[in-house]
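S.K.: If you want the building blocks of each chain, they are given just below.
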Amino acid sequence: MLRIFDITFESYDMESDMTFREKIHWVAFVTMLLAFGWYFLAFPWRDAASPAALWTAGGMLIPLTLGIIVAMTVATAILAIRNRSEVHLAEDERDRAIHWRGTHLAYYPMVVGTWACIGLIFTGAAPAILLNLLLAMVVVSELLRIGAQIWLYRQG
Amino acid sequence: MTYKEKASWLMLVAMVLAYSLYFGLIITGHPAGKSLFAMLWLFGTIAATQAVVVIIGCIWLAIEARKLPRARIDERDRAIAARGTATFYYVLLTAMIVVGVVMPFTEPPIKIVNTALFGIVLAELVGLIVVVTSYRRGWHG
Numbered sequence: 001m002l003r004i005f006d007i008t009f010e011s012y013d014m015e016s017d018m019t020f021r022e023k024i025h026w027v028a029f030v031t032m033l034l035a036f037g038w039y040f041l042a043f044p045w046r047d048a049a050s051p052a053a054l055w056t057a058g059g060m061l062i063p064l065t066l067g068i069i070v071a072m073t074v075a076t077a078i079l080a081i082r083n084r085s086e087v088h089l090a091e092d093e094r095d096r097a098i099h100w101r102g103t104h105l106a107y108y109p110m111v112v113g114t115w116a117c118i119g120l121i122f123t124g125a126a127p128a129i130l131l132n133l134l135l136a137m138v139v140v141s142e143l144l145r146i147g148a149q150i151w152l153y154r155q156g
Numbered sequence: 001m002t003y004k005e006k007a008s009w010l011m012l013v014a015m016v017l018a019y020s021l022y023f024g025l026i027i028t029g030h031p032a033g034k035s036l037f038a039m040l041w042l043f044g045t046i047a048a049t050q051a052v053v054v055i056i057g058c059i060w061l062a063i064e065a066r067k068l069p070r071a072r073i074d075e076r077d078r079a080i081a082a083r084g085t086a087t088f089y090y091v092l093l094t095a096m097i098v099v100g101v102v103m104p105f106t107e108p109p110i111k112i113v114n115t116a117l118f119g120i121v122l123a124e125l126v127g128l129i130v131v132v133t134s135y136r137r138g139w140h141g
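Going down the list, the protein sequences come from chains E and H. Residue numbering for the first sequence is 1 to 156, as defined by my numbering. Residue numbering for the second sequence is 1 to 141, as defined by my numbering.
Only chain E is shown next, with the shape it has when bound in the complex (with noise of 0.2 Å):
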């Protein structure tokens, strides 16, 4: 009986630690956060509507990318060192129905603002305007997606 009771945690957080598919969502959902939020504050709306707009965005959009992908690689590689053990392993059934459950979710605003953003062009929309509604539209999908894969993660 005592043997029982002598039992000892290893850590006392050994529930709240991460995986690294959990690690890796949340370096994808911070990097995407701040890399569109800097993108939407910083553009220049009052004059999206003129032909320079969409060069302004374009200009914006190549150092944005770039630095995503940096950010991600890098994070990615310390992440990989100091979880070994963990890289190599394959999906398994819990993994994939997180991600299927969080796809479903995303697929909703994907569609719905892909046919909206074709019923803007009828209207006669300004490039820069629909370039930065898609992009919004993809960027809420995806922090969509991704959230509600570490919520997930997060409810056990």
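Just so you know, the hints here were simulated from the structure itself, not pulled from any lab data. A couple of the hints might just be wrong.
[Claimed, not checked] Coverage of chain E stretches by chain H, computed from C-beta distances (three or more under 8 Å per stretch; other residues unrestricted):
id, segment
1, 30-42
2, 81-88
3, 94-104
4, 116-123
5, 134-143
[Stated by the list, open to error] What follows is a set of in silico ranges between Cβ atoms, one per label pair, in the way DEER data are often shown:
id, chain 1, residue 1, chain 2, residue 2, range
6, E, Pro-44, H, Val-98, 20 to 28 Å
7, H, Pro-31, E, Val-140, 33 to 41 Å
8, H, Met-1, E, Ile-69, 41 to 49 Å
9, H, Ile-63, E, Pro-63, 55 to 63 Å
10, E, Arg-96, H, Val-98, 46 to 54 Å
11, E, Trp-38, H, Gly-138, 45 to 53 Å
12, E, Asp-47, H, Trp-60, 52 to 60 Å
[Unchecked claim] Computed list of chain E residues with no C-beta within reach of chain H, every gap over 10 Å:
id, residue
13, Arg-46
14, Ala-48
15, Ala-71
16, Tyr-107
Every residue gets a Cβ at the ideal spot worked out from N, C-alpha and C, and that includes glycine.
Place chain H on chain E using the hints.
M.R.: Frame of chain E, contents of chain H only:
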């Protein structure tokens, strides 16, 4: 075949026929490739016809499925549907990045609309192909 598999085949065949016609006409110089309203009219007619055919077909398949011993949707059907949805999502995501972030710099609105529609159709077709091949290959999640 289960009801879900038959319905997926029906949607796949209806989509291939309907949108081969639509994009075939666009490629051969139909006014829908140049004017937004001609495009809206042609796409609306073809999409509505396809939807009516699929709805009638699904109702007929559902009635037929009631005679089968295992008519209810099970865990495998749900897993296959989720796999198809995930594939659809990634194909549409890629298509929308091309349409929304690359094409506004170089292409006119009518071409952007038709490419966006092609992206939706392609994503749906790839999703349905994943579903029917999963059934055929005995995939179970």
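S.K.: Hint says 45 to 53 Å; check whether the CB-CB distance for Trp-38/E and Gly-138/H agrees.
M.R.: Taking Cβ atoms as reference, Trp-38/E and Gly-138/H lie about 48 Å apart, which means the hint holds.
S.K.: Verify this for me: three or more residues of the segment 30-42 of chain E with a beta carbon less than 8 Å from a beta carbon of chain H.
M.R.: violated (count 0)
S.K.: Far enough from chain H: is every CB of that chain over 10 Å from the CB of Ala-71/E?
M.R.: Holds, since 19 Å exceeds 10 Å.
S.K.: Regarding Pro-31/H and Val-140/E, is the given constraint of 33 to 41 Å on their beta-carbon distance met?
M.R.: holds (35 Å)
S.K.: State, for the Cβ atoms of Met-1/H and Ile-69/E, whether the hinted interval 41 to 49 Å holds or is violated.
M.R.: holds (44 Å)
S.K.: Are 3 or more residues of the segment 134-143 of chain E near chain H, judged by a Cβ distance of less than 8 Å?
M.R.: Since 6 is at least three, the answer is holds.
S.K.: Taking C-beta pairs only, is Arg-46/E more than 10 Å away from all of chain H?
M.R.: Consistent with the label, Arg-46/E stays out of reach of chain H, its closest Cβ about 19 Å off (over 10 Å).
S.K.: Beyond 10 Å from every chain H Cβ: check whether that's true for Ala-48/E.
M.R.: Fine: 12 Å to the nearest Cβ keeps Ala-48/E off the interface.
S.K.: Is 20 to 28 Å right for how far apart the beta carbons of Pro-44/E and Val-98/H are?
M.R.: holds (25 Å)
S.K.: Would Tyr-107/E pass as off the interface with chain H, using Cβ distances and a cut of 10 Å?
M.R.: Violated, since 5 Å does not exceed 10 Å.
S.K.: Against chain H, does the segment 94-104 of chain E show at least 3 residues with beta-carbon separation below 8 Å?
M.R.: The restraint on the segment 94-104 of chain E holds, since 6 of its residues have a Cβ under 8 Å from chain H and three suffice.
S.K.: Count the residues of the segment 81-88 of chain E whose Cβ falls closer than 8 Å to any Cβ of chain H, and tell me whether that reaches three.
M.R.: Since three or more residues must qualify, the claim that chain H covers the segment 81-88 of chain E is violated, with 0 doing so at under 8 Å.
Violation of the numbered hints given earlier is confined to hints 1, 2, 10, 16; the remaining hints are satisfied by the structure.
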